[in-house]
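Residue numbers (our numbering), protein chains in the order written: chain B, 17 to 99; chain X, 568 to 1288.
It is worth saying that the hints were derived from the structure and are not from the lab.
Some hints could be false.
What the hints assert, rightly or not - Here are the computed lysine to aspartate or glutamate pairs in the DMTMM-like style, where the Cα-Cα straight-line distance is at most 25 Å:
hint : chain 1 : residue 1 : chain 2 : residue 2
1    : X       : 847       : B       : 55
2    : X       : 872       : B       : 31
3    : X       : 1098      : B       : 40
4    : X       : 761       : X       : 771
5    : X       : 784       : X       : 871
6    : X       : 874       : B       : 29
7    : X       : 895       : X       : 918
8    : X       : 737       : X       : 846
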Amino acid sequence: MNHSECALCQLRDGECGRVLTIGECGNLRQRLLDLGFVEGVRVRRLFSAPSGDPAAYLIRDAVIALRASDAAGITVMKYGFFQ
Amino acid sequence: MDFFNKILSGIRRQTKPCDPSSEAVIALAGNPNVGKSTVFNRLTGLRQHTGNWAGKTVATAEGFFRYGGRRYRVVDIPGMYSYSPHSAEESAAVRFLLSGSADAVMVVCDAGCLTRGIGFVLETAELTDNIIVCVNLTDEAERRGIHVDTGRLSKLLGLPVVSASAAQGKGIDELAACAAKVCSGVKSGAKRHKFAVKYPSPIEEKLQILQSAIADKQSDIEITINPRYIALHLLLNDGESPFTDSSEIADSFSHEWENIKETAAECRAELDAIGLDREKVAASVTSRRILTADAIGEQCVCKDKAKTSRLQLDRRLDKLFTGRISGKVCMLLLLCAVFWLTITGANYPSEWLSEMFGHLEVHLRGLTETLPLPQAVKGLLIDGVYRVLTRIISVMLPPMAIFFPLFTLLEDSGYLPRAAFNLDSCLHRCGACGKQALTSCMGFGCNAVGVTGCRIIDSPRERLLAIVTNSFIPCNGRFPMLTALISMFLLGSVAAPLDSILGAVLLTGLICLGLAASFGVSKLLSLTLLKGVPSSFTLELPPYRKPKFGSVIIRSVLDRTLFVLGRAAAVAAPAGAVIWIMSNVTVGGDSVLSVICRFLDPLGKLLGMDGVILTAFLLGLPANEIVIPLMIMAYMAQGNLTEISDLSAIHALFADNGWTASTAVCTMLFTLMHWPCATTCVTIYKETGSLRWTALSIIIPTLTGCVVCGTVAAVCRVLLI
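Same shape as in the complex, but just chain B:
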């Protein structure tokens, strides 16, 4: 597995990552923080909507759907497909 930084929306279905930073997300920033998108928390992209956007992410035992444009502000350390 190769560790690399990428935006949350760039994860493919099934891939996991660890949240690094939340950038400019406007008024969504606090909501994302509240949902658990804070540094060090593990997140996994589960599946996408029929058109590919939005996508559903598993974070802290909850499934949250985010649009790609909103997830673009979150940087994650990708670590592949394993659990």
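Use these hints to put chain X onto chain B, whose structure you have.
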């Protein structure tokens, strides 16, 4: 927000006169979709509507329970993710908790998603000391192999924790007992040693300074919430008071406010100097709280890795319901199936009911003959009130009684958020919010409810879009009208078993057309009157839950169906009387009704309908349920047909009055797109607070309907000639 003030003043008004020692107020708070309403219902014995999706409770509900001779008022407030609110419903919830109206806060957590719940408990603990933690949905979590050690959680948090499974009624007595204990602790002033999150050192130092500054003044200012919360709020919001909206507290606060504000400004400046701006502080505070919650959760939650089959089932279902092709197919098939069951199931009871009412009418007529009443009164009662009323029951009740439970099953299962998830990209392109799909779904039940539900949408622009376009979704008052018209005019051409399937497909098509119209109008509005970029949104997809069939059916038949029917009947009786009077009072040899109908006839013809249909729609403004019964009545008043026993007789009556398939199609389209009913209009005015938007919500669907019907009628005329 006047909504909040109403709650606040309501509570003040009601609590002031009675002895404060006799009643305690408990607020029910927590993340969305953790079963707060179920806990509320179990505690108070009320039947607040529940569903498996976040944002279902948009207004607060109140109830009571008694324990140990004392009365407890329970306030069910909308779910929220944190105390930094995003939407109107969330800020109402936050402000209620800040107002100090509650003696204790019961924080409900989902055992399957405990760490998030703990995070919310930690935040609440900064606000008040009187907390009862309820770990709900434990049965569901156990099935997923998640076990929560509540004893340990209680020890770690320093707060009373009760494990419950409210849907099964487990742990409710313990909750009541615990709440009573906490509330009596309030009276004696006993303090608990509770856990507090320690923030990173520079922030924590400033918090301590501010906290003690506020605590010094707290005896002068009458606030019941903890100084730590106020201190944190000051640091995060540039010294802005957390009480901007509850003026009473703000007033008492303002005297001492300036000093505290200065201290806050100093603290802020010092933090800025070391590179911690507001956003960084917010991120650092939230992340520390969340990581603390995770650490606590880790010590109390035991996950059985072997029992993950439920989780895998969820993922497989998600794959099916949100797949590229299967997602769309499933959505259409589900809609079709629901409609098919409704149409097929509603036919027979409809016939039985109208037959029964027919017999009853003969007896009633006989009965009235024996009474010394003037002929006009008898006609008014039997031909007016009785007939319209019974027709509503026989035409409207069966589809409603079938559709509602089916819809509630879908709602309980957790499918609705997935539908919103699928439709989001469509709505995104229309400049609207993905949650609009949820409010549209609520519109199936009742447009007024759908409009209120729009509070879950954060951005005001997108909320207006959802409100204006909600009436394109046929509510259950219009929905049986569509089924009746379809079965009368568009079916019967193919073999019997295929007939009802064709009906369901046609109805699905119509609903999709309504949806398409709402999308189109959203797009049009966001290009013109409501310009703006689509804002961000987050949507939680809850775990699938097996709906409980028994309670669903009882609940939806008793609560929703009877409520809606009752409202329709309340409107139908006077409307029946009015139309009877109109058809019997004559002006220059013609009845008032026929004069109006004749006046509207040219416009009706232009739209592919006729004057009677338009008149019925106009008179149906209070409730759409009465439109078809009004049409029947108006036609009968003009002709000499008196016996209407079933749908085929109605068909014959309509056909006699010049109805063709194209009339039926235009009527159905107009049913789908015309002014919202009176209740919805009032709700729109309440929600938007603007006459302009209320007017637009009436004009836009009506105009759309006129254009669509006019076009269809013109095309039909050309094709048929």
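For this session: Decide if the proposed pair is consistent with the structure: residue 847 (chain X) and residue 55 (chain B), CA atoms, cutoff 25 Å inclusive.
Result: holds (12 Å)
Exercise. Straight-line Cα separation of residue 1098 (chain X) and residue 40 (chain B) no greater than 25 Å?
Worked result: holds (23 Å)
Exercise. Does residue 871 (chain X) lie within 25 Å of residue 784 (chain X) when you go C-alpha to C-alpha?
Worked result: violated (50 Å)
Problem set entry | Satisfaction of hint between residue 31 (chain B) and residue 872 (chain X), Cα-Cα up to 25 Å | holds (20 Å)
Problem set entry | Satisfaction of hint between residue 846 (chain X) and residue 737 (chain X), Cα-Cα up to 25 Å | Since the Cα atoms of residue 737 (chain X) and residue 846 (chain X) sit roughly 42 Å apart, the hinted pair is violated (cutoff 25 Å).
For this session: Decide if the proposed pair is consistent with the structure: residue 895 (chain X) and residue 918 (chain X), CA atoms, cutoff 25 Å inclusive.
Result: violated (35 Å)
Exercise. Are residue 874 (chain X) and residue 29 (chain B) close enough, with their CA atoms no more than 25 Å apart?
Worked result: holds (23 Å)
Problem set entry | Hint consistency between residue 761 (chain X) and residue 771 (chain X) [alpha-carbon to alpha-carbon, up to 25 Å] | Within the cut-off at roughly 17 Å; holds.
In summary, the structure is inconsistent with hints 5, 7, 8 from the numbered list given earlier, while agreeing with the others.
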